[in-house]
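Trainee: The lines below spell out each chain.
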Amino acid sequence: MTDLSLTTASRPRVMRLAVPALLLALLVVAPMLAYPLFVMKLLCFALFASAFNLLLGYTGLLSFGHATFFGGAGYVTAHAIKAWGLEPLSAILLGTLAATAMGLVMGAVAIRRQGIYFAMTTLALSQMAYFLFLRAPFTNAEDGIQNVPRGAALGLIDLNDITHLYVLVAGIFVLGMGIIWQVIHSPFGHVLRAIRENETRAQSLGYRVDRYKLGAFVISAGLTGLAGATKVLVFQIATLNDVSWQMSGSVILMGLLGGVGTAAGPSVGAGLIITIENYLATTGFPVQVILGLIFILCVLTFRQGIVGTLAARLRRA
Amino acid sequence: MAEFMGIPLPVLFGQLLIGLFNGAFYAILSLGLAIIFGLLRVINFAHGALYMLGAFAAFLMGEWLGLSFWVLLIAAPLAVAAFAALVERLLLSWLRGLDPLYGLLLTFGLALVIEGLFQWRFGVAGQQFPMPASLSGTTILGPLILPHYRVFVILAALAVCLLTWAAIERTRIGAILRAATENRPLAEAFGFNVPLLMTATYAFGAGLAGLAGVLAAPVFQVSPLMGTNLIIVVFAVVVIGGMGSIGGAILAGLMLGLAEGLTKVVYPEASNIIVFVIMAIVLFFRPAGLFGKAA
Amino acid sequence: MADLLNIQGLQGWYGESHVLHGIDLTVRPGETVALIGRNGAGKTTTLRALMKLLDRRAGRIELDGQDLMALPRHKVAGRGLGYVPEERGIFTSLSVAENLRLLPRTGKGMDDAQIFEFFPNLRERLSSDGGKLSGGEQQMLAIARVLRTGPRLLLLDEPTEGLAPVIVQRIGQMLRALKDQGLAMLLVEQNLSFARALADRFYLIENGRITGSFDRSEFEAHADRVAATVGV
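Protein chains in written order, with UniProt numbering: chain S, 1 to 317; chain F, 1 to 295; chain U, 1 to 232.
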């Protein structure tokens, strides 16, 4: 199952410092260039797609059920704030922990099958979670949890102030991406890549492959939850849409379009998909047709994604 | 009134019949998925969309051409199969030799496009499809209430599954299909046009999905999204049955339909998720599936 | 006499790796030719290249003066190549009878009576699963099914591999009988004494190249080179 991924190229040292610096600068100026709410949505989805990519790009596991963690964390955070009056940061933490726990359960079942069956299993389990959320007493079924108050972080910083909120969301984004970066470059991450390249060989080298896979799955689920919980604070709503298979499909497309197995690819993919969705929302043409066409095009002609293809060009040049 | 464990018998039998009815659809659909996966190594995510296309083909051909149900039962699956043959030739054939995950993603994209276009054209509301008059009656046999159409669907599905199974296990073309499923390049080197066989196999599996769609049309409403949730349940059925055997796919489909029906009687709240719960349990104890060979 | 099989400058690739570097080889009508070399020298690959089972090929392959290179894979066998692949290639999901009768006929092949005269064991096993046969029975089935198609040239990939000596002897007798009936064969073999007893002409192959060829009468004179090539 190594075919979907791209080996990370070693880059010159300058690039290694320049890229993060550039990104930080971009984070600072972005809310001045576009609607801050839109930028925050982008950041949430970029983190979501990057967390998903930790699994597909760096471990070789295609999860078709990540919406469960994204939307599930959102429900927990929304409920904790609205019904229990929890402080927003704690609520985000709680949502993240809930997603981590869901990841542990789904992962423990799904890693018992490999490859294509893994994908189908995660999809089925995620659909089960969808029905559970639909029926659960606190999610209000089709209506969702609406008008979630943003509150004040630590009881001090008013998050209804859009600048405060932006700083918080950007901070969470940097934190999440930092964790992903650390995981990829840790010894743990190297084992994950060894599993991606050749699972049987990793096993014969003495690694308990299932534990590593489960570990990657849980981390990915937790970070996905972090993104989903944060999104609730931004949009003040938690809905069924975020736990649906369509959402799981969207995040796959973000990864695929941007470049699976590249650090920046999923963020680029998320940006493009979110922009396209926003644009099409005003035309009345069904978004999913366009998304489906992009899926088909990516799979047929563009399997390395935008960033993957660019990186390959640069290496050849 | 007669009861079994506190449940009135007519209710129990009624739900079992509905379970078997749903199981018939699972069986036809998972059979098609298994045949396609066997030869093409593609998990056909578009299977639900093809099922929907079958229902819509029947609905539209009925409206425009005034064809009878019995003609549609043949014509609509053929139309779906022809469409699928094009899909295989124009899209899927490009993915030969790649990771099977790409096939899943491509057909996922295809399902989004097909369902999106139909939603755009016809809206999400369902269209009514008339039940054939000759099958609209009901027979009451003691505690058994038998709506003719449902019984017909169950019998028709069983017949189609058995015929397909026999064709694969007992005929020469079936032997060629099994040989190519086992070793594609060698079968080709021995003189069989395997690319053509793959197109035909995809078309056949799609035709089965289309047939399921026609059979579903008079009972469920014909709507663009009728296949989306169904296909995920069928995926779970396939994971439970294991895709190693044709018989396993059929049997798992029927069994899970029954399990769903029973759940509706015992604990209705769980009937939506029972298949997924069973899948999780099976995976835990038999990762290769009930009828699958160990990977 | 014109060559039955004529291979010139045949090159072959598995994915990116270049494995055949220009094979020149001929088989005359009725002749048995053995291709000898060690593991990984390109023997099996040469046969696979003939059947178009490689990712990429270059060079010329002619059977009876007709080009085989341009044919699609499923048309190659139809020109009269009877391929007995490495490890037999029996389809385990098919019964013995199905395996035997699967391949399309390409010429005037043996009928069932002739097949069972040659391979009496197969008659009793017709309804078994292909995968349940012993190694020797599988080998006989693999040969029998191509004889049924009526090939002009038999391509045999290590027909004795992993078989008990008594079975090897039996297979040797069968191939000898086929040879006496005038069937041409290209034999890939590591078992030198088996090849020597059967073949009229020998080719040595090393690292994807033909490094020598000689007649049966010259085998003794080339014994040292053969030993060095095969590494015994």
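Keep in mind the hints are simulated off the structure, nothing from the lab.
Incorrect hints may appear among the rest.
[Stated by the list, open to error] Pairs of lysine to aspartate or glutamate, DMTMM-like flavour, derived with a Cα cap of 25 Å:
1. U:K132 <-> F:E182
2. U:K75 <-> U:D3
3. U:K75 <-> F:E182
Trainee: Checking each numbered hint in turn, tell me which of them this model violates, lowest number first.
Mentor: Violated hints: none; all satisfied.
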